[in-house]
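Heads up: the sequence shown runs through residues 0 to 158, numbered per numbering that gives the first Met the number 0.
Quick caveat, the hints were computed from the structure, so don't treat them as lab data. Any given hint might turn out to be false.
Below, computed lysine-lysine pairings styled on BS3-like, alpha-carbon distance capped at 25 Å [what the hints assert, rightly or not]:
#, residue 1, residue 2
1, K86, K97
2, K131, K150
3, K82, K150
4, K150, K97
The calculated label-pair distances, taken between Cβ atoms and stated as ranges, are [claimed, not checked]:
#, residue 1, residue 2, range
5, P67, H100, 18 to 24 Å
6, G117, R56, 30 to 36 Å
7, K97, G139, 17 to 23 Å
8, S105, V43, 14 to 20 Å
Every residue gets a Cβ at the ideal spot worked out from N, C-alpha and C, and that includes glycine.
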Amino acid sequence: MTAQIHVPSLISRAGAVSALTLAAVGGSMLAPGAASEAHAATTVHAGKALKVAASKRGAPYRYGAAGPSRFDCSGLTLYSYKKAGKKLPRTAQQQYNKSKHVSRTSRQRGDLVFFHSGGSVYHVGIYAGSGKIWHSPKSGSVVRLEKIWSKRVWYGRVR
């Protein structure tokens with residue numbers, strides 16, 4: 000049985016060899032500028048997590064709570080990503096340590112936003128775009144959308 004490989008005429012001879020080689024070893028080849036499958040999956044999970052967090056608007060803060068009706072900051076991010084199919088550690092610091100660190104200019108909706116003092120992370124939220132996050136801020140408050148109020152933040156992408 001012979002496998003047929005379709006190689007578009009726009010691919011150069013060297014590109015065709017690469018495509019054939021990849022096909023022979025079970026790999027895949029992406030066109031220039033195409034998103035990788037891993038990146039596309041990450042974007043889908045981030046979008047779902049963002050929607051879950053937004054759906055919890057008004058849920059009361061409770062220290063140590065991770066849903067479904069009460070949350071602390073890392074409990075909200077943990078719950079949101081769990082519902083989106085991704086596993087995160089429990090605390091904000093652990094979530095920072097596990098995430099792929101990205102720059103402010105590379106941040107995307109659904110990335111985690113970590114507030115820090117020195118080298119320690121003390122708060123986390125989910126980036127909603129336009130300089131805002133969904134988060135569960137403090138005792139006596141509720142899950143809400145709020146403008147990022149500090150320049151002392153780091154960004155992390157859930158893998």
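Now the hints, each set against the structure:
1. K86 <-> K97: Measuring from Cα to Cα gives roughly 10 Å; hence the hint holds.
2. K131 <-> K150: Since the Cα atoms of K131 and K150 sit roughly 13 Å apart, the hinted pair holds (cutoff 25 Å).
3. K82 <-> K150: Given pair K82, K150 is violated - Cα atoms ~29 Å apart, limit 25 Å.
4. K150 <-> K97: holds, 22 Å
5. P67 <-> H100: 18 to 24 Å: violated, 29 Å
6. G117 <-> R56: 30 to 36 Å: Distance hint for G117, R56 holds at roughly 32 Å.
7. K97 <-> G139: 17 to 23 Å: violated, 29 Å
8. S105 <-> V43: 14 to 20 Å: holds, 18 Å
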